[in-house]
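J.: Next come the chains, spelled out residue by residue.
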Amino acid sequence: MTISRPSPLSELLQGVAPWDEETARQILATHGGLEGPLLPILHALQEAFGHVPRAAVPLIAEHLNLSRAEVLGVVSFYQDFREAPPGRHVLKLCRAEACQSMGAVALAADVLGRLELDWGGTTADGALTVEAAFCLGLCACAPAALLDGEPLARLTPPLLAQVTDALAAEAVA
Amino acid sequence: MTRLYLPCDAAAVALGADQVMRVLEREAAARGLTLDVIRTGTRGAVWLEPLLEVETPEGRIGYGPVTTADVVGLLDTGMLTGGDHPKRIGRPEDHPWFARQTRLTFARCGIVDPASVEDYRAHGGYAGLDRALAAEGPVIIDEVKLSGLRGRGGAGFPTGIKWNTVALAQADRKYIVCNADEGDSGTFADRMLMEGDPLSLIEGMTIAAVAVGATKGFIYTRSEYPHAIRALNRAIAAAQRAGYLGADIQGSGHAFDIEVRMGAGAYICGEETSLLDSLEGKRGMVRAKPPLPAIQGLFGKPTVVNNVLSLASVPWIMANGAAAYAALGMGRSLGTLPVQLAGNVARGGLIELPFGVSLREIVEDWGQGTRTGRPFRAVQVGGPLGAYFPDAMLDTPLDYEAFAKAGGLLGHGGVTVFDDSVDLAAQARFAFEFCAHESCGKCTPCRIGAVRGVEVMDRITAGVDLDRNFAVLDDLCELMTDASLCAMGGLTPVPVRSALTHFPEDFDRARHLPAAAE
Numbered sequence: 007m008t009i010s011r012p013s014p015l016s017e018l019l020q021g022v023a024p025w026d027e028e029t030a031r032q033i034l035a036t037h038g039g040l041e042g043p044l045l046p047i048l049h050a051l052q053e054a055f056g057h058v059p060r061a062a063v064p065l066i067a068e069h070l071n072l073s074r075a076e077v078l079g080v081v082s083f084y085q086d087f088r089e090a091p092p093g094r095h096v097l098k099l100c101r102a103e104a105c106q107s108m109g110a111v112a113l114a115a116d117v118l119g120r121l122e123l124d125w126g127g128t129t130a131d132g133a134l135t136v137e138a139a140f141c142l143g144l145c146a147c148a149p150a151a152l153l154d155g156e157p158l159a160r161l162t163p164p165l166l167a168q169v170t171d172a173l174a175a176e177a178v179a
Numbered sequence: 138m139t140r141l142y143l144p145c146d147a148a149a150v151a152l153g154a155d156q157v158m159r160v161l162e163r164e165a166a167a168r169g170l171t172l173d174v175i176r177t178g179t180r181g182a183v184w185l186e187p188l189l190e191v192e193t194p195e196g197r198i199g200y201g202p203v204t205t206a207d208v209v210g211l212l213d214t215g216m217l218t219g220g221d222h223p224k225r226i227g228r229p230e231d232h233p234w235f236a237r238q239t240r241l242t243f244a245r246c247g248i249v250d251p252a253s254v255e256d257y258r259a260h261g262g263y264a265g266l267d268r269a270l271a272a273e274g275p276v277i278i279d280e281v282k283l284s285g286l287r288g289r290g291g292a293g294f295p296t297g298i299k300w301n302t303v304a305l306a307q308a309d310r311k312y313i314v315c316n317a318d319e320g321d322s323g324t325f326a327d328r329m330l331m332e333g334d335p336l337s338l339i340e341g342m343t344i345a346a347v348a349v350g351a352t353k354g355f356i357y358t359r360s361e362y363p364h365a366i367r368a369l370n371r372a373i374a375a376a377q378r379a380g381y382l383g384a385d386i387q388g389s390g391h392a393f394d395i396e397v398r399m400g401a402g403a404y405i406c407g408e409e410t411s412l413l414d415s416l417e418g419k420r421g422m423v424r425a426k427p428p429l430p431a432i433q434g435l436f437g438k439p440t441v442v443n444n445v446l447s448l449a450s451v452p453w454i455m456a457n458g459a460a461a462y463a464a465l466g467m468g469r470s471l472g473t474l475p476v477q478l479a480g481n482v483a484r485g486g487l488i489e490l491p492f493g494v495s496l497r498e499i500v501e502d503w504g505q506g507t508r509t510g511r512p513f514r515a516v517q518v519g520g521p522l523g524a525y526f527p528d529a530m531l532d533t534p535l536d537y538e539a540f541a542k543a544g545g546l547l548g549h550g551g552v553t554v555f556d557d558s559v560d561l562a563a564q565a566r567f568a569f570e571f572c573a574h575e576s577c578g579k580c581t582p583c584r585i586g587a588v589r590g591v592e593v594m595d596r597i598t599a600g601v602d603l604d605r606n607f608a609v610l611d612d613l614c615e616l617m618t619d620a621s622l623c624a625m626g627g628l629t630p631v632p633v634r635s636a637l638t639h640f641p642e643d644f645d646r647a648r649h650l651p652a653a654a655e
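Line by line, the protein sequences give chains A and B.
Once you know that position 121 of the first sequence is 127 in the working numbering, the rest is easy, because the numbers rise by one and skip nothing.
Once you know that position 42 of the second sequence is 179 in the working numbering, the rest is easy, because the numbers rise by one and skip nothing.
The hints are simulated quantities; they were obtained by calculation from the structure and are not laboratory data.
Which residues of chain B face chain A? A few of them, derived with a C-beta cut under 10 Å, are: (1) A365; (2) E417; (3) G421; (4) A563; (5) G578.
Covered by chain A, per the in silico footprint, the following chain B stretches (three or more residues, Cβ under 8 Å): (6) 179-189; (7) 316-324.
Backbone N, C-alpha and C fix where the C-beta goes; we use that ideal spot for every residue, glycine too.
Chain B extracted, bound-state conformation (with noise of 0.2 Å):
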């Protein structure tokens, strides 16, 4: 019996991967064949999508993007022995595309299946978990902490240093939050590890909660990933029958459960405070700080909230220690960072390396230029609350220092790529209507900020009063920054002064058009 694996990753089925499995199995049908297709995530490179791969003596052997026109032709030819194609890439780990990354947090993602615990423990998994169970809580946090592991979610506070908060306080309960609210435009990180490698954020979470004395756990994610939500489920299941989840994990005493829920729409609750509200049953309002949710969380008790990937990182660095982690990096990044190139770039898909990678390695070497085929313009770098750079800028290393420095933020590490027929003033104008769309409305800098946003874009591109607008931008742009209570009005200026700084063309050209279109 011939072994194939093809993605059910949402990305590989909207691009068809269901449709190929159909026709796979009729053929097979009538070919007499019997195969064993497993379904597993994606590897991250989209644009391979539906990428399938047949199990040879010789490994793996890809063949992608695979259409259902391709199917018969792939029979014929002998895929099933990974016989030669045009759409054969070899062993996918060998392509360059996948060769040169670091694959640490995504190292099981798009080969294993992910429901199966027998096959995670099979690539490693669990390994870190075994020797956190080993250790004492405090032994556990030293080792995050030395890691220099920063939460991925965008803030980049240590992760260490949060655990060691809700460790230290008392109180008779606590809970790990997974904040896999992941709703920037640009990242799909979360959704690819939930679908691909669920485990590995059930283990994070599991020696997140050994390590801080948590027994409850949540992953709050999205209800626009169902594909997701399905995947953690089964996957829970999985662990709780294997024992690695319930009253007595493995046997140590420690007693850990996760539930998976979901949100309603809201990207406001990607805040972690306002997430804690939703999963209270509230409206998602954002809350001020402090107290810390480390020290007042859900219901009022110490809660660890981290992103999805900052936990998924965590087993391996249990498992292969700080040191090996925090040896790659720049600067007080260090780790890898899963790259998410999106957008409008021919090669887009998820590419993990360490931190210092220049922008441009990415866009340029990666993503091979625009898919449509026009000249580069622009990025955005870090989701709706990012900043747009020009090529000019492109030779910015992924650091949160660096990103920072130029006026922009790292966020959860999505890029997404712009042609030349991007309007950025017109993205200016969407910065400020996202904003009022999705505000809690707790705030005034934000909750009217935003409106008045959009109002003075809608004067500055039709050329009124344009240097008093422009005035007017300047000063709401200040003043939500200084402001506002959270990350939402507070980094909204972000892309509405880099669009404005780096591409002033865009928004004087109503200076420059003729009397008569007026």
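Chain A on its own, in the form it takes in the complex (with noise of 0.2 Å):
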């Protein structure tokens, strides 16, 4: 089986701009109609910067008539905003029960053990973050991830290795 290089439209979603006060007060008056635009709101604001910068925290308590502490609480509840901006691929690997039997505790530790990284960090090159997941719904086809947004299924120690080295490869590049 061959490995996908990921879409572009999934290369533009995890294009990361800098922080920029008017796109987040475009971002805040875009979703100004929505009930319970929280969430929405900080999703768009991840999709914009690639996490969820702390500048625009007091923005989003403004606009909301919450307090800072509210919309913190809110950010720091929910395990895909990120504080930090994430490498240029984020790969969501699966670490429940379905890809469990089919060996995902050992492709886990097989590929954070060689890109020397914990659950949630970036290699040096900034070119991969490693996410965990709890299942993607691939669990008829483990072991399963996201690289950003792209399903891979029926993954081995081996192929996982193709794919990160070819992210790598292409940091240098």
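Can you join these two chains into the complex? Each is in its own frame, and there are hints to help.
T.: Shown next as structure tokens:
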């Protein structure tokens, strides 16, 4: 099986812009009409900046008439929201039971060991962040992962090494 | 022009469907062929994906699993006219893996274009809503009650009774919330349906809205499901264009619209009250009940919260009648259950069957043994909060009550197979670790108990003070079961206790280790 490169769309989604208050205010304005807008706002900010910048918190608080503590409380509750930008690519590797039954524990140990990372860590060249996921709904073709939102299945340590090596080579090139 | 069907379901894509598509396009161009490739969802036989189908006078002929290396050979041997090939499976609906199923909720999944209202209608879609719009709310609710439909999210609460409570509540605004936060490992039915037949969910939500007088719906799904989110948004837009969502549905005067909302990596948001808090823009904390969401749900308004499969079963019930649905199943578990066969299994995928089929038939007849080829050792049924069962318990029928009696739960219908390399003490430890990771933190038994559970399991596997630590484990399980606020803490002891009961040898290894190993 060959591993596909991430689609152009997902690469765009991973594009990380530097903090810009104007962009953040536009994001807040476009979500004005939603019921319960906080999660959609946080997702949109993370899509734009790769993380939820701390500087956005007072803006959100003011916009939604919440305290900063309430906003921070929500940001910190959810696994998805990052406090710092990730690497250029994000690998979400499944750690849940169905993947465990097909060797996910050894797979994770192999990739984290090889890249010298802990869960959530980013390689020194900034190429890749490895995050833990608990189920991707790909349980009948385990072990599975999402690379920049694109699904990978029936992974083995050599197959995943092929993927991460390609990303590292791209960083050098 | 030849018409082909190739799934764009996330599992099929993960197994190479998009690469097959690219090679197919390249080869077709080189041969001067014009192909019309419809990207469908999956029929559910993940072991056959990518399953490429070609339209012929005899019906659709399937080839699978197709790799990029197969494409040239397939075209050479006349696949476009249904020609013979080692990967040819014939008409999928005649293949025993599909032919022995009872496809109601998943009747269209893998067959239709998921974004086409026209295709949906051509395959019987919206017949249920047509009937609902011609009826009164109470008639719809009675039909759902008589069908015996119970919540497919895991709790098994009668859907019609929930709807009735919302219908009777007086409020200026009511909501339909679809719980699509399918976080249980081993389950993927919601994802598959949202990607392959999203309009059936949309139709089910619309029928619910007409029945209870709701005007707004939310589908709360997972950030881990980007393909499902795209498929839902496309289908919602198509339904809006066709007048099936909006201010005046099919000229009936009913207004209803749907928005998709994405979670943010919190398993607990699959619990209905924390899902509502999350939708409101808060931390996903579990609420104490009462008040029930049916009385005070989203933004304090009466809210129907149903699982994807519960809602997507309603169109079939409305179109074919409650009696036809209730004629299937056993005891108080009526209709069909979409079983998801996952993990270490040769033929994994989604199998829709009437309740009552034994676990053994699923694992052995459909699954055909483990994928690794090693001996079978355990199944976990119902996700991370479900029990581990050994071979001796495989004759348990798929029935809510039978599973409860056996110390387990059917949950969302996920069946995860493990071979003999599994260490059930490690799985028990993981159950606590997962609970510690995902607990919302509101109640002490879950927040603290899960952490203590990991510690006590570590002492047990290290062989420290075994008798006392087994007593602590038992006490902890009892406390979490009795005193947790929701199922997260309350059911974490289920995998732990079942592992200990049925696989005690894995917990007792330390006792038998040679002294030198300590």
